[in-house]
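A.B. asks: Produce the complete structure using the sequences and hints provided.
Below, each chain spelled out in residue letters.
Number of protein chains: 2
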Amino acid sequence: MGGAIVTSIQFLKPDPSILARRDDIVSSLRSVLPDEAVVSDPVQLRAFETDGFTAYRRLPLAVVLPSSTEEVAAVMEALARKKVPVVPRGAGTSLCGGAIPQEDAVIVSLTRMSRILEVDYPNRLARVEAGVTNLSISEAVSADGFFYAPDPSSQLACTIGGNIAMNSGGAHCLKYGVTTNNLLGVTMVLYDGTVIRLGEGELDPAGLDLLGLVCGSEGQLGLVTEAIVRLIAKPAGAQPVLFGFASSEKAGDCVADIIAAGIIPVAIEFMDKEAIAICEAFAKAGYPLDAEALLIVEVEGSDKEMADQLGRIVEIARRHDVQTIKESQSATEAALIWKGRKSAFGATGRVADYICMDGTVPLSQLAYVLKETGEIVKRYGLRAANVFHAGDGNMHPLILYDVNDPVKRQKAEDAGNDILRLCVDAGGCLTGEHGVGIEKRDLMTHQYNDTDLDQMKAVRAAFDPEWIFNPSKVFPLEGRGETDGGKASADPDTRPSPMEAAE
Amino acid sequence: MGGAIVTSIQFLKPDPSILARRDDIVSSLRSVLPDEAVVSDPVQLRAFETDGFTAYRRLPLAVVLPSSTEEVAAVMEALARKKVPVVPRGAGTSLCGGAIPQEDAVIVSLTRMSRILEVDYPNRLARVEAGVTNLSISEAVSADGFFYAPDPSSQLACTIGGNIAMNSGGAHCLKYGVTTNNLLGVTMVLYDGTVIRLGEGELDPAGLDLLGLVCGSEGQLGLVTEAIVRLIAKPAGAQPVLFGFASSEKAGDCVADIIAAGIIPVAIEFMDKEAIAICEAFAKAGYPLDAEALLIVEVEGSDKEMADQLGRIVEIARRHDVQTIKESQSATEAALIWKGRKSAFGATGRVADYICMDGTVPLSQLAYVLKETGEIVKRYGLRAANVFHAGDGNMHPLILYDVNDPVKRQKAEDAGNDILRLCVDAGGCLTGEHGVGIEKRDLMTHQYNDTDLDQMKAVRAAFDPEWIFNPSKVFPLEGRGETDGGKASADPDTRPSPMEAAE
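Residue numbers (numbering that gives the first Met the number 0), protein chains in the order written: chain A, 0 to 502; chain B, 0 to 502.
Hint data in this document are derived by calculation from the structure and do not stem from the laboratory. Just to be clear, a hint being listed does not mean it is correct.
All copies of an identical chain are treated as equivalent in the list; a pair is satisfied when it fits inside any one copy or across any two copies.
Stated by the list, open to error - Calculated cross-link-like contacts (lysine-lysine; reagent style DSSO-like; alpha-carbon spacing at most 30 angstroms):
(1) K249 to K233
(2) K174 to K370
(3) K233 to K338
(4) K174 to K407
(5) K233 to K174
(6) K325 to K303
(7) K338 to K81
(8) K283 to K12
(9) K303 to K233
(10) K338 to K249
(11) K370 to K249
(12) K283 to K249
(13) K249 to K325
(14) K325 to K233
(15) K12 to K303
(16) K12 to K81
C.D. replies: Here it is in structure tokens:
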């Protein structure tokens, strides 16, 4: 999307005392890591200045690329003593700015820690380093008939460490659950370099479930360096089927009725007309261009099982006046259907700049929220493409705008915020799988009251009393005190220039 | 089992300043609750002196039976101001002493809060009060073809609040997961009376996953008063099948191979010869009395699906020299098979006193741990019956002893501790579904190092800084400081008489 103009989101004011100690900090990093694992040259630092939320950029103070848990521990010990903030980073695919740097922080990138350490079928698990990509776990066990279930669209690039930070989902999570349902243990480095192991592969470890707490904590409790993940046997077969409808409301109601009937297909994905056109132009997947809304429903199992489940789904779809039903006739066709869906964000990026929302709503509210989303976007004079995990109620309106038009960009952000508030007001929440990051941080007060947020902050502080880890994310800057990372709180007079990083 | 002799487990020393204020505390409870909701008469208090871990007993200071979240909040506000410890209680079926009182604590019993508030099929959830029994949720939605999945053997009596406290499992959790996988939200009263709502029914709420943390926290973070739980559609059919083996090792290896093949039946339950005899005598379920070990494997789905899965399982069982295969031929037979299994603890109680262990081990270690368990029990001159959730690796050796023989009782406790240490050393953990409670508290140091425990305590203190909730449970008494509930720490000189409550 190229450079963008920083508008409404504030960053924490960098701590000048840390900036002044840059050389000292870098040399202390070099004292615990090999030379090539410490990046401090501004040109090289550019590679880390943003993540998938590319509208915002900051150059970090330095980047380290450790190769082991021991090296990560040594880095944290060195930095904690100097009270330097740390931003953990996987592949940098976060869509909510979860890995965006701050100028006074060191980025700890886990991409060199990408080994699969152990595959254990009797115990249905794999032990991996945090920098391994999501897809490479499934690839490593595919020949033996297994896979790792959560499948974010970015699975070719994104790391399991990033998935854990954001509790990532994916198209097939309707049946198999999100990351937290498939995570059995982590090794994590605390702010002072202490190494802690949570979970040993059991479903219910004794004592407090700190593992579940770490999953989705957006890199704020510690640095996850290794993970134990659940392996699942591949089904006998799987088949995506396309259902075209005359309106988004009919498609939305059909989804609610499928789930209300107790049917849980592997996936129910939704696309509106705009998304269908964009994805079909890219993938030539055979999507029905005349439909106002499309559902991709995937069934799996033996031929008989798939036919049985599909029969029940078709019956429900007919009650909602389905116009087109198209079963994939080959593995190639099936792959194309998924290629179109999984490339939706990339394909949209080819035709326009966009911001991607991630609100989740109760299924009973799906049709209503879809309609209201259309109204909101229209009110701002913008267009949106809707492509999302309908079975989970996890919506992804892509609001299209032109990055070179600052007025449109502001309107896109405002429309996005209105849509997220709509999701919360409909009984849903701000994020289904992308996380809060920096993008949705200031909307947290719409979802949670002070008691809720204070409780979360108290738990966060029980891991990281100095707010070393990723301090500018998740929690609103407003209302932060000395104890919760507010010592360098944003100040309109002193915050970084709003024109920074326009390039 | 009648009264028992308190032996090795220490209780926290009651705080004399609280005991001295008993009348004042009771009258402050009466000021916020209707008269009949406050129990302070010692005779009536007897009903609450223990739970499913009946060997230990303490009379609480008082019991309250609130009828609403507001009443619970008023109670907590009153007690927090007076710094009186609180023990939350559901049906009192805990097998690890999770609900056992302490003399200076008020029990908050949730059994009057047993309403099902809302059933919502499109969103696959039910909203219930915490005192509702596990089974009554399934009963309420059964006619519509749904059920609530976790099914502890005590499901007729145990409450959903207790299930949440212990992250309870059950025979069918192999496929459907334990409580944490089926819990979507709670309403919880904090120590000072503040009411907090966690989760709104989504899989991944924004911010820290405090809901996952609360599940399994054994009543130490707050008082859960309402819950939102996942509803699941009943399968087309279900069939339990009995597999008899010539040795426990063969049965254990068979389980590991079924799972390693990627097959996940709904349930794989294990019984050894001792358990088979006890359960068959009670239920007349048609268990093979000549088998050394029995697996109850339940398959579900359409007839074709069940036949397919069963075919693959039979093939694996034959590789382990299965001796008997018996399919249930009717719904009545199927019900009898489950009756035998679910009554195992009760049936055992008819023939002997027992303590029930709950260690969980990696499936690859199942056969080894079974063999070693037998050796340990033999070494102490005792007998054990093994009946457990084999598919999860969640073992339940019932160590048989005579409650009137203090030497045997001590040996049974020692053997139990050795078995739990064995589970941990084999890569497993202390508890699969029953929780730590008071029973396994002092073994926590075998599973966790100081860093692990300190981190858990810090998180606990972020909810309950004064250690008001259930303070004598989960964390070892040794090493407690001022900040973690140790102000009334156990002291060999001053702890309650070891002969207390022998009756």
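A.B. asks: Using 30 angstroms as the alpha-carbon threshold, which applies to K325 and K303: within, between, both, or neither?
C.D. replies: both (18 angstroms within a copy, 26 angstroms between copies)
A.B. asks: Cα distance capped at 30 angstroms. Does K12 pair with K303 within a copy, between copies, both, or neither?
C.D. replies: neither (61 angstroms within a copy, 64 angstroms between copies)
A.B. asks: When no copy is specified for K12 and K81, does a C-alpha distance of 30 angstroms or less occur within a copy, between copies, both, or neither?
C.D. replies: within (18 angstroms within a copy, 43 angstroms between copies)
A.B. asks: Regarding K233 and K338, is the shortest C-alpha distance of 30 angstroms or less found within a copy, between copies, in both, or in neither?
C.D. replies: within (19 angstroms within a copy, 33 angstroms between copies)
A.B. asks: Can you tell me if K338 and K249 fall within 30 angstroms by alpha carbon in one copy, between copies, both or neither?
C.D. replies: within (25 angstroms within a copy, 45 angstroms between copies)
A.B. asks: Can you tell me if K249 and K325 fall within 30 angstroms by alpha carbon in one copy, between copies, both or neither?
C.D. replies: Classified as within: same-chain Cα gap 17 angstroms, cross-chain 48 angstroms, threshold 30 angstroms.
A.B. asks: Using 30 angstroms as the alpha-carbon threshold, which applies to K338 and K81: within, between, both, or neither?
C.D. replies: neither (47 angstroms within a copy, 63 angstroms between copies)
A.B. asks: Are the CA atoms of K303 and K233 at most 30 angstroms apart within a copy, between copies, both, or neither?
C.D. replies: Cα proximity of K303 and K233: in one copy and across copies (16 angstroms, 19 angstroms).
A.B. asks: Are the CA atoms of K233 and K174 at most 30 angstroms apart within a copy, between copies, both, or neither?
C.D. replies: Both, since 13 angstroms and 15 angstroms are each at most 30 angstroms.
A.B. asks: For K325 vs K233, is the C-alpha pair at or below 30 angstroms within one copy, between two copies, both, or neither?
C.D. replies: Answer is both: 24 angstroms inside a copy and 29 angstroms across each meet the 30 angstroms cutoff.
A.B. asks: Using 30 angstroms as the alpha-carbon threshold, which applies to K249 and K233: within, between, both, or neither?
C.D. replies: The answer is between: 27 angstroms across copies meets 30 angstroms, while 32 angstroms in one copy does not.
A.B. asks: When Cα atoms must be at most 30 angstroms apart, do K174 and K370 count as within-copy, between-copy, both, or neither?
C.D. replies: within (26 angstroms within a copy, 37 angstroms between copies)
Checked against the numbered hints above, the structure breaks hints 4, 7, 8, 15 and satisfies the rest.
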